[in-house]
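Protein chains: 2
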Amino acid sequence: MKIAFQGEIGAYSEEAVAGLYPLAEIVPQISFESAFDAVSSGKLDRAVLPIENSLFGSVHQNYDLLSEHDLNIVAEIQLRIRHQLLATEGSQLSDIRTVYSHPQAIGQCRTYLREHLPNAEIIPAYDTAGAAKLVSQNGSSASAAIASRAAATEYSLVTLAEDIESNHANFTRFLSLARPDDEPEEGLSEESISTGNPKTSLLYAQRENVPGGLFKSLAVFALRDIDLYKIESRPLVGSPGKYIFYLDLEGHQEDERVKNALHHLKEVAASVKVLGSYRSGRILG
Amino acid sequence: MKIAFQGEIGAYSEEAVAGLYPLAEIVPQISFESAFDAVSSGKLDRAVLPIENSLFGSVHQNYDLLSEHDLNIVAEIQLRIRHQLLATEGSQLSDIRTVYSHPQAIGQCRTYLREHLPNAEIIPAYDTAGAAKLVSQNGSSASAAIASRAAATEYSLVTLAEDIESNHANFTRFLSLARPDDEPEEGLSEESISTGNPKTSLLYAQRENVPGGLFKSLAVFALRDIDLYKIESRPLVGSPGKYIFYLDLEGHQEDERVKNALHHLKEVAASVKVLGSYRSGRILG
Chain A
60 MKIAFQGEIG AYSEEAVAGL YPLAEIVPQI SFESAFDAVS SGKLDRAVLP IENSLFGSVH
120 QNYDLLSEHD LNIVAEIQLR IRHQLLATEG SQLSDIRTVY SHPQAIGQCR TYLREHLPNA
180 EIIPAYDTAG AAKLVSQNGS SASAAIASRA AATEYSLVTL AEDIESNHAN FTRFLSLARP
240 DDEPEEGLSE ESISTGNPKT SLLYAQRENV PGGLFKSLAV FALRDIDLYK IESRPLVGSP
300 GKYIFYLDLE GHQEDERVKN ALHHLKEVAA SVKVLGSYRS GRILG
Chain B
60 MKIAFQGEIG AYSEEAVAGL YPLAEIVPQI SFESAFDAVS SGKLDRAVLP IENSLFGSVH
120 QNYDLLSEHD LNIVAEIQLR IRHQLLATEG SQLSDIRTVY SHPQAIGQCR TYLREHLPNA
180 EIIPAYDTAG AAKLVSQNGS SASAAIASRA AATEYSLVTL AEDIESNHAN FTRFLSLARP
240 DDEPEEGLSE ESISTGNPKT SLLYAQRENV PGGLFKSLAV FALRDIDLYK IESRPLVGSP
300 GKYIFYLDLE GHQEDERVKN ALHHLKEVAA SVKVLGSYRS GRILG
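Protein chains in written order, with the working numbering: chain A, 60 to 344; chain B, 60 to 344.
Honestly, the hints are just simulated from the structure, not real lab data.
A pair holds if it fits inside one copy or across any two, identical chains being indistinguishable in the list.
Below, computed lysine-lysine pairings styled on DSBU-like, alpha-carbon distance capped at 30 angstroms:
#1 Lys301 x Lys325
#2 Lys275 x Lys325
#3 Lys332 x Lys61
#4 Lys332 x Lys102
All chains, full assembly: derive it from the sequences and hints.
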């Protein structure tokens, strides 16, 4: 199998792909859009892309691309983002004078840096994998990068300190997307297949000018005792009162209860798009 | 007045501050946290911070900081993110060989770059204001940056092309935060004060193991015909079934209807925190 992901080799998303598809070939893509296109066109088998982060919210761009493309969600995984302090072989913490990383990663490791490397110069890089590559290429034992474990492997760096982020509740949820005619569980790791109950993700738009429209659309699930795992309204800026909703709910779209609820939702909503039914993913890392 | 914002001078958020508080002194902060601290401690008067972007979702970190600090939302503004191609005085589009910017901005301008600068080398920078600074400092007429209008002014660059982003529906919503004892509308631009109906933002946590808990908590508003402008569930990863909700609703917290609804919500929710009542913000840019 060939899997599209967005970013460079050594990026955090590569860890998510390896967690879901340990035996697959990983093919980096320059953008989320090109990852969607590679799977839609049949060139690659799956796209594994971030859909939300516990600190930074939903990736609306991937919801938009899901809405425009005809791909199904077939699996998910939650990746804990763990930042590592990486340096060249033989280097020690006391040697480090310069630390390279993405500003977001630097921010998340500020407490560690202040305590352990108060005099190091901090140099922002445009991504964590690029910072690791730089340290590997310049070869100085006085340089370190904050990056993923995958970056350590890719660029043959050693780990001077593990999990140096202040907030350990930093998770990114990734979805695996396939063409609708494809076998959903092909290539997935055993662990990914065996965990979790089925859930269903969908997008819908409210009918305009229906008072209490949101409440009515949620009633179709409450009336059938179907639990919701996620609800998010997304306003259309400049069009007051117009929204799209993201919903994750308990159960498979082929379950009788869910089928009936979706039928009922179509009565009260302007449009409904089911994005896929898949097992709740495990937490990695 | 002194306003805290996160980022460098010339960043997009500086435009939001200037839109809300045209006469204020703007004080850059290294992190969202230090912006909160500067206002909480009384050192600065307001913090103007991003809370959601139409492409990238809610900034959960700022919701967390709102939940931890005792600051009130007193105003909002929606800033359209417009990317400009900036270069040194006298430079022309045909001179440009190198373009610097943040990878996200580069991605959003890919169509323009492909059509107008197909042979330029694209070099990622860690932020857009930094890219503009670099072009200004190296002074070569062959270099350009993709950055904000504020960056053009700050670094004395000229605009070679305006609004070169492919998707014009790119908006960031900023909130202005003040200490609870402060006068909410002090220093706000006339335009900001005069637009919009009052709305109220709040956070709440559902009671555990209450079937249909979300539906019940929304009923307190539907029963009183109070419209919701935003609803978002945020799962506690690793604690299945535990959520926090973000809600924006129609009306001021001192309105009788809203007061009653909030009273009712406290009956059915585990915890409720009202973040402030303020006028819906205008769209800038």
